[in-house]
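Q: First to last, the protein sequences are chains A and B. If you read the first sequence in numbering that gives the first Met the number 0, its first letter stands for residue 0, the second for the next number, and so on. If you read the second sequence in numbering that gives the first Met the number 0, its first letter stands for residue 0, the second for the next number, and so on.
Hints are computed from structural coordinates only; laboratory data are not their basis. Small disclaimer: the values here were computed from a predicted structure and weren't measured. Hints may contain errors.
What the hints assert, rightly or not - Pairs of lysine-lysine residues, derived as DSS-like cross-links and limited to a Cα-Cα distance of at most 30 Å, are as follows: (1) A:K75 to B:K24; (2) A:K15 to B:K20; (3) B:K24 to A:K32; (4) A:K75 to A:K117; (5) A:K32 to A:K98.
As a plain string of letters, each chain reads:
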Amino acid sequence: MGDLYDSQRAMRNMRKAAMQRGVIAILDIGTSKIACLVLRFDGPESFRAADGIGSLAGQSSFRVIGAATTRSRGVKFGEVDAMQETERAIRTAVQAAQKMANVRVDHVIACISGGRPKSYGLAGAVDIENGLVTDGDIGRVMAACDVPDYGAERDVLHAQPVNFALDHRSGMADPRGQIGNQLTTDMHMLTVDSIALQNIFYCIKRCDLELAGIASSAYASGISSLVEDEQELGAACIDLGGGSTGISVFMKKHMIYSDAVRMGGDHVTSDIAMGLSVSMATAERVKTFYGGVVATGMDDREMIEIGGDTGDYEHDRRTVSRAELIGIMRPRVEEILEEVRMRLDAAGFEHLPSQQIVLTGGASQIPGLDGLASKILGQQVRLGRPLRVQGLPQAAIGPAFSGAVGLTLFAAHPQDEWWDFEIPAEAHPSRSLKRAVRWFKDNW
Amino acid sequence: MQPLNATRRHRALPRDPAPSKWTYKLQRMMLTPGVRGLLRVGVPLALIGIIAVSWYSQEDNRLATVAKYEALKNTVQQRPEFMIAEMVVTGTDEALAAQISAALPMDFPASSFALDLEAMRVAVEALDGVRSARVRLGDAGTLQVDVTPRVAVAIWRDGQNLRLIDEDGVYAGLIAARADRFDLPLIAGEGAQDYIAEALALYRDAKPLHARLRGMVRMGERRWDIVLDRNQRILLPAEGAMAALDRVIVLQQANDLLDRDVLAVDMRNADRPTLKMNTEAAGALRRASQYEAEN
């Protein structure tokens with residue numbers, strides 16, 4: 000866990016360097032598209048309006064100066080499948096965004112949507128020595144959390160303190176400077192497959208970019224598409240992506256649970272392709288133009304040309320009714336939503352005070368999805384779009400970009416993570432001595 | 000059902016928008032601020048420099064440049080606004096002005112850029128009769144030379160020459176005859192020119208004797224003799240010359256001492272002034288005293 004701590008700290012330092020240079024790129028590596036946004040930071044509050052209201056959600060200190068989207072290649076289920084192809088796709092997106100921004104970016108913040116994320120709730124307690132909670136105590140209480148055995152092939156992606164309690168007082172956001180005897184914390188830890196993470200690291204490194212941070216895409220979608228009271232009172236964000244569907248549950252402005260269903264819009268497309276025996280490209284086009292999940296009588300009469308280029312007239316002039324298309328799409332969408340329901344039930348979502356569900360992501364644009372989702376997930380369902388950030392082009396404000404927009408917010412205001420606090424010195428005395436000896440051996 | 004002889008038409012591959020690795024690197028390099036600055040400023044500057052150097056390395060081009068520059072300079076410098084038509088000398092008399100004109104040989108009209116005013120000033124000040132000079136470009140194309148002439152206060156006989164000297168003992172011109180400047184005292188003797196002030200003071204003091212005064216001689220670079228006509232001399236001491244002269248003048252006014260047949264009045268020893276008389280006068284005196292003694 001020490002290596003992870005160090006690498007995350009290194010990313011934080013990289014982020015700091017990027018802030019000093021004022022330019023940072025956002026890379027949303029999804030299954031169906033790769034989006035790259037170039038942000039320019041102009042220092043805090045430089046876009047502040049004349050009246051007294053400060054920055055809202057902290058996004059006003061940056062501006063999007065470059066944006067590019069490209070078809071994703073070599074990514075499956077949100078994980079890198081073909082390294083070369085993914086690298087080329089990343090290069091395409093980064094180059095186009097750089098060209099638009101007319102500035103070179105070296106630092107990039109990426110997100111990972113696959114990798115089988117798994118949430119853990121951790122608790123730690125520590126006695127306060129001199130009655131006053133200091134920064135060191137926060138580091139200590141986090142180090143005191145009993146970390147479960149999450150497996151050798153997994154890495155911690157997020158480890159956020161979601162709650163602090165000092166003696167009998169709970170629900171503290173910042174216990175520093177307060178007086179008490181025992182400090183306890185609840186921490187939310189999210190782990191993903193190491194291999195998926197390493198592949199993304201490697202892809203970005205091969206594009207001559209430095210990774211300045213990595214976040215779960217479900218988390219990023221949540222912070223961009225949930226409004227403030229939803230984040231405060233409890234809500235789930237369902238990011239219906241291309242290859243995977245991310246779930247993140249927020250409460251008190253902290254993510255308390257995250258998961259992913261390894262199904263998404265691409266599976267709907269492949270169902271259409273198989274059901275109508277057309278190419279994936281045609282299926283995608285048919286899905287976006289005519290797709291839906293609720294059939295009406297009108298849809299029986301609306302015929303869709305699905306075409307073909309075999310040269311056989313009969314084959315090439317095929318048509319299907321829209322009702323047929325909906326009949327293919329609906330079971331898969333239902334399956335995805337049922338799976339989401341299961342994950343939310345497993346997480347105990349029904350115990351939250353507010354059970355708002357926000358659907359976002361590219362696949363949430365299927366007409367009629369909110370009606371279907373409210374039947375499966377509960378009554379409080381709405382379609383979410385990402386927050387509006389300065390300078391974002393019109394083409395990139397749709398729900399498909401909620402992950403990318405969330406990453407911009409993450410870049411501007413990263414939440415406190417475990418690695419933002421110093422590990423207490425007694426946690427690694429022998430190791431640091433060993434490291435010093437090794438340094439001497441290496442250098443002398 | 001495909002034709003066998005025609006080459007099979009490939010289905011056009013979908014256009015790959017991905018940049019190659021090197022295109023990507025090149026674009027990133029071109030977006031680097033340093034490289035951009037270098038290309039925007041450095042390359043044009045280097046190009047201009049190379050062109051300038053290669054052009055200038057040709058001998059003909061260099062000469063042409065110099066010639067062109069000179070021509071341009073001349074057209075500006077020869078403009079009538081900058082031309083000097085005449086020299087005006089102020090503050091002095093005709094004779095000195097003529098000397099100054101002779102000392103500054105110039106063919107007018109000349110451009111004011113070609114004049115070295117400082118050198119001209121030095122040349123003018125090198126003249127004997129000039130105490131100080133100021134040379135400047137005056138109005139309406141004149142060269143203005145303002146001269147403060149040396150005021151001669153004495154004539155210094157140096158061998159056969161009669162030189163005028165000013166109060167600093169500096170040579171201020173020649174005169175042909177003593178009669179040219181009868182108003183000035185004549186001094187002579189080695190080192191006399193260094194003690195002009197002393198000589199002038201004596202001269203002023205000897206005002207009652209002016210009608211007879213011929214000059215003052217510095218003796219042994221130490222003291223003064225006042226020479227009157229009839230080769231009479233008043234020998235003054237080195238110290239207290241003024242007082243000694245006053246005594247002689249009083250004697251003259253009381254007893255007409257100098258109107259008598261006295262060759263020299265020796266005042267060098269204040270306790271014992273001595274008269275030197277002509278041989279005849281001395282003989283006559285001796286005879287007179289003998290006669291008195293016999294009677």
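Q: With reference to the structure, classify each hint as holding or not holding.
A: Structure-based check of all given hints:
Between the alpha carbons of K75 of chain A and K24 of chain B the distance comes to roughly 27 Å, so the proposed pair stays at or under 30 Å and holds. Between K15 of chain A and K20 of chain B, the direct Cα distance comes to roughly 28 Å. Compliance with the 30 Å bound is thereby established for this hinted pair. At most 30 Å may separate the alpha-carbon atoms for a hinted pair to count; K24 of chain B and K32 of chain A meet this at roughly 23 Å. Restraint check for K75 of chain A and K117 of chain A: the C-alpha separation of about 18 Å stays at or below 30 Å, so the hint holds.
Between the alpha carbons of K32 of chain A and K98 of chain A the distance comes to roughly 19 Å, so the proposed pair stays at or under 30 Å and holds.
In this structure, every one of the numbered hints holds.
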